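Visitor: In the order they appear, the protein sequences are chains A and B. Residues in the first sequence are numbered consecutively from 1, following our numbering. Residues in the second sequence are numbered consecutively from 1001, following our numbering.
By construction, these hints were calculated from the structure, which means they are not laboratory data. Being a predicted model, the structure only gives us computed values, none of them experimental. A portion of the hints provided could be inaccurate.
The calculated label-pair distances, taken between Cβ atoms and stated as ranges, are [stated by the list, open to error]:
id: 1; chain 1: B; residue 1: L1300; chain 2: A; residue 2: R162; range: 55 to 61 Å
id: 2; chain 1: A; residue 1: G247; chain 2: B; residue 2: E1182; range: 30 to 36 Å
id: 3; chain 1: A; residue 1: R248; chain 2: B; residue 2: L1300; range: 32 to 38 Å
id: 4; chain 1: A; residue 1: G28; chain 2: B; residue 2: Y1191; range: 28 to 34 Å
id: 5; chain 1: B; residue 1: P1285; chain 2: A; residue 2: D286; range: 43 to 49 Å
id: 6; chain 1: B; residue 1: P1052; chain 2: A; residue 2: G11; range: 52 to 58 Å
id: 7; chain 1: B; residue 1: P1052; chain 2: A; residue 2: Q237; range: 17 to 23 Å
id: 8; chain 1: A; residue 1: E74; chain 2: B; residue 2: T1267; range: 40 to 46 Å
id: 9; chain 1: A; residue 1: G11; chain 2: B; residue 2: I1203; range: 42 to 48 Å
id: 10; chain 1: B; residue 1: G1238; chain 2: A; residue 2: T280; range: 42 to 48 Å
id: 11; chain 1: A; residue 1: Q138; chain 2: B; residue 2: P1054; range: 23 to 29 Å
id: 12; chain 1: A; residue 1: E243; chain 2: B; residue 2: S1263; range: 20 to 26 Å
id: 13; chain 1: A; residue 1: T16; chain 2: B; residue 2: I1203; range: 35 to 41 Å
Non-contacting residues of chain A with respect to chain B, defined by C-beta distances greater than 10 Å in every case (computed) [stated by the list, open to error]:
id: 14; residue: T77
id: 15; residue: W128
id: 16; residue: I203
id: 17; residue: A242
id: 18; residue: S315
Okay, derived cross-link-like pairs now, BS3-like style, lysine-lysine, Cα gap no bigger than 27 Å in a straight line [said to hold, decoys possible]:
id: 19; chain 1: B; residue 1: K1216; chain 2: B; residue 2: K1252
id: 20; chain 1: A; residue 1: K252; chain 2: B; residue 2: K1201
id: 21; chain 1: A; residue 1: K161; chain 2: A; residue 2: K201
id: 22; chain 1: B; residue 1: K1201; chain 2: B; residue 2: K1055
id: 23; chain 1: A; residue 1: K252; chain 2: A; residue 2: K216
id: 24; chain 1: B; residue 1: K1161; chain 2: B; residue 2: K1201
id: 25; chain 1: A; residue 1: K216; chain 2: B; residue 2: K1252
id: 26; chain 1: A; residue 1: K55; chain 2: B; residue 2: K1201
id: 27; chain 1: A; residue 1: K252; chain 2: A; residue 2: K241
id: 28; chain 1: A; residue 1: K252; chain 2: B; residue 2: K1252
id: 29; chain 1: A; residue 1: K216; chain 2: B; residue 2: K1216
id: 30; chain 1: B; residue 1: K1241; chain 2: B; residue 2: K1252
id: 31; chain 1: B; residue 1: K1201; chain 2: B; residue 2: K1241
id: 32; chain 1: B; residue 1: K1201; chain 2: B; residue 2: K1216
id: 33; chain 1: B; residue 1: K1252; chain 2: A; residue 2: K55
id: 34; chain 1: B; residue 1: K1241; chain 2: A; residue 2: K216
id: 35; chain 1: A; residue 1: K241; chain 2: B; residue 2: K1161
id: 36; chain 1: B; residue 1: K1241; chain 2: B; residue 2: K1216
id: 37; chain 1: A; residue 1: K161; chain 2: B; residue 2: K1055
id: 38; chain 1: A; residue 1: K252; chain 2: B; residue 2: K1241
id: 39; chain 1: A; residue 1: K241; chain 2: A; residue 2: K201
id: 40; chain 1: A; residue 1: K252; chain 2: A; residue 2: K201
All residues carry an ideal CB built from backbone N, CA and C; glycine is no exception.
Number of protein chains: 2
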Amino acid sequence: MRAVTISEPGGPEALTWGEAPDPVCGPGEVIVDVVATAVNRADLLQRQGFYPPPKGASEILGLECSGIVSEVGEGVTGWSVGDEVCALLSGGGYAERVAVPAGQLLPKPAGVELATAAALPEVTCTVWSNVFLLANLQRDETFLVHGGSSGIGTMAIQLAKRAGARVATTAGSQAKLDFCRELGADVLVNYRDEDFVARVKEIGGADVVLDNMGAKYLGRNVDALTVGGRLVVIGMQGGTKAELDLGRLLAKRAAVHATALRSRPATGRGGKADIVAAVTHDVWPDVERGVIRPIVDRRLPMARAAEAHRVVEASEHIGKVLLVNEG
Amino acid sequence: MRAVTISEPGGPEALTWGEAPDPVCGPGEVIVDVVATAVNRADLLQRQGFYPPPKGASEILGLECSGIVSEVGEGVTGWSVGDEVCALLSGGGYAERVAVPAGQLLPKPAGVELATAAALPEVTCTVWSNVFLLANLQRDETFLVHGGSSGIGTMAIQLAKRAGARVATTAGSQAKLDFCRELGADVLVNYRDEDFVARVKEIGGADVVLDNMGAKYLGRNVDALTVGGRLVVIGMQGGTKAELDLGRLLAKRAAVHATALRSRPATGRGGKADIVAAVTHDVWPDVERGVIRPIVDRRLPMARAAEAHRVVEASEHIGKVLLVNEG
């Protein structure tokens, strides 16, 4: 099959549209003929050689996809050849075909175009597992999400508003903040010239913070928390090591969580199948009603993966950048 | 009434047995005639002027007591004059009488001497709220508690073993570790000459760590955690500020919680009344059956509070040091 391959770890130019072995359909898996995949920041790191795939995962990039089931493995029930699906992957989405554990499949939501559905799995599963299953965001609580115009950010704003929370968000331009407002964000902070701690404290502090900056924001995120607050770190774009003031954390009876979706086991407690099932049950109905929308910045053909990476690397996008198979 | 008063913040000698105004029984409160109180490390800090009581709390030391209800305030149901009780306090236990919100009273467990019952409220409420309600320690998980021979430690070992967890603990002498073994601890680490991280990793890492050292142990506690682990910091005997490696935390999908019992509100979600009700329901029956035991190091009269503080300051004790009212 054709797939995006990496000649040697490096810049976007390392990505080429070439040949790769067809995936094998193991027991409990299905093969999906990929219609589209989406770019995640983790792909950029993996391309540079910094984020090796977990054991047993495909070497090909791509943590999510949409497409059509073309083969059903031994022991799989509930899915048939021809089903339109999207899927959470451990890798392999930047290709014509991918093998997926059946527990990581979601039905394509009615009313969402098949290619567009590739924008949903990572952001819905990440936000649902971290903001709701882990941090347990409640109605009338205040939620702060950094990078509100990112794929994660746009979904986090929508799901938090649906839950009845007050939402504060940061972004780096007025255009991005305007988009966040349209999605329902209540407090908009341009991190280039405003202090998010001060802005969030004005409204009583954040009960839950979803953070992708890591070390750079650790102290300020703790400052922004209210009593009983939960900081969830899911990315480390601002480094990994920082001073934590436990005295301040204790005074707030607060918590710092750091999690990742990709390294979770396929099955078992807290595994990907559990999260996918919860998202299918708790989020999909409102995607089908149009209450929760996939936000797509642009679509590019798979052969232009390098260009897609440049867009994401420069943070030019709002929402997700898709890569589609043509023809 | 008589009470332990503090002439001026300082060493144990600052504590004197003197006169203080009688407590007033507010609505929703009862007055307890104190039979015994117990020394907590927080008392040592408060004596030195480092840990002021929360707003509205008594200035007198003492976070727990046992005794007899002598007055019942407006709106209190379920408690009567003459009831033998113990109580979680926001302060005021080092005295002849104390006012207590009714939600913080527990019945004296049958089979436990009334004075001895003063050893129970802080340790049961602290361990139950942190290790079980917050960190959700499960059967067959591994639990690490630092300072296993302390009041908290001796209760944590017992409750974790009752829950079917494997228990590792640290202490500073063989005599203390021997006592921890008698209570059921499986892995005993003398922190003076052994590395607790290595010992805990030998058994697969800790799912839950209960820590009283704060900054000094933060990095090592994170190292000792297993995937999905929860570190709960409830004391900062080793300082407050330390470097946190979020990358390491994220690789384990782990969490750092820091909490305190004293600053919790009396009522409301996660308040003291909730915790006391949970302990009464989930722990008291096994205290009455003798499965869970109060561990008392020694009893001293209230007038010898200074001596009691010296014992705790020097960590000479195993379990709780009680202060009793004589006559």
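Visitor: I'd like to know which numbered hints this structure contradicts. Please list them from smallest to largest.
Guide: 4, 7, 8, 13, 17, 20, 22, 35 and 37
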